[in-house]
Amino acid sequence: MVIMRKLAVSQCDLSRIIEMAWEDRTPFEAISFEFGLSEGEVIKVMQNSLKKSSFKLWRERVAGRKTKHFSLRDKSVNRAYCPTQYKQR
Numbered sequence: 051m052v053i054m055r056k057l058a059v060s061q062c063d064l065s066r067i068i069e070m071a072w073e074d075r076t077p078f079e080a081i082s083f084e085f086g087l088s089e090g091e092v093i094k095v096m097q098n099s100l101k102k103s104s105f106k107l108w109r110e111r112v113a114g115r116k117t118k119h120f121s122l123r124d125k126s127v128n129r130a131y132c133p134t135q136y137k138q139r
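Each residue of the sequence shown is one higher than the one before, counting from 51 in the working numbering.
Among the clues, some could well be false.
[What the hints assert, rightly or not] Okay, the calculated beta carbon distance ranges per label pair:
(1) Q61 x G114: 26 to 32 Å
(2) S60 x S88: 18 to 24 Å
(3) D74 x S99: 24 to 30 Å
(4) G114 x S88: 16 to 22 Å
(5) E69 x K106: 14 to 20 Å
(6) C62 x A113: 16 to 22 Å
(7) E79 x R109: 16 to 22 Å
(8) S65 x S88: 28 to 34 Å
(9) G114 x S60: 29 to 35 Å
Keep in mind the hints are simulated off the structure, nothing from the lab. Glycine residues also receive a C-beta, built at the ideal position from the N, C-alpha and C atoms.
Let the hints inform the model, and build the full structure from the sequences given.
Rendered as structure tokens:
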């Protein structure tokens, strides 16, 4: 278990937080809703969980990305992933 902000987070939840943060279309607000973490706390989780080079790449991708913030994204976007992302094979 990982302790974050006085909350115990399982390895499974930690893995899901990292996965959601890495996805381009999953906004920080969705992570906050599901896990109660602010954007700054998600950044700290990523910083502590990823290699330095991976964290740097992630921060460059996320910085200014409209799809990572509800207030910046186009109102027509009402999904968290691309329709072709989870194709059945």
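Going through the hints against the structure:
1. For the pair Q61 and G114, the supplied restraint of 26 to 32 Å holds, since their beta-carbon distance comes to about 31 Å.
2. Judged by the Cβ atoms, the range 18 to 24 Å given for S60 and S88 holds: they are separated by roughly 20 Å.
3. For the hinted restraint 24 to 30 Å between D74 and S99, the CB-CB distance of approximately 18 Å leaves it violated.
4. Between G114 and S88 the beta carbon distance is about 18 Å. The supplied range of 16 to 22 Å therefore holds.
5. E69 and K106 have their C-beta atoms about 19 Å apart, which keeps the hinted 14 to 20 Å range intact.
6. A beta carbon spacing of about 28 Å between C62 and A113 contradicts the range 16 to 22 Å that was offered as a hint.
7. At roughly 18 Å, the beta carbons of E79 and R109 sit within the given window of 16 to 22 Å.
8. Restraint check, S65 to S88: a C-beta distance of roughly 19 Å breaks the suggested window 28 to 34 Å.
9. Between G114 and S60 the C-beta distance comes to about 32 Å, which sits within the given range of 29 to 35 Å.
In this structure, the earlier hints numbered 3, 6, 8 are contradicted, and the remaining ones agree with it.
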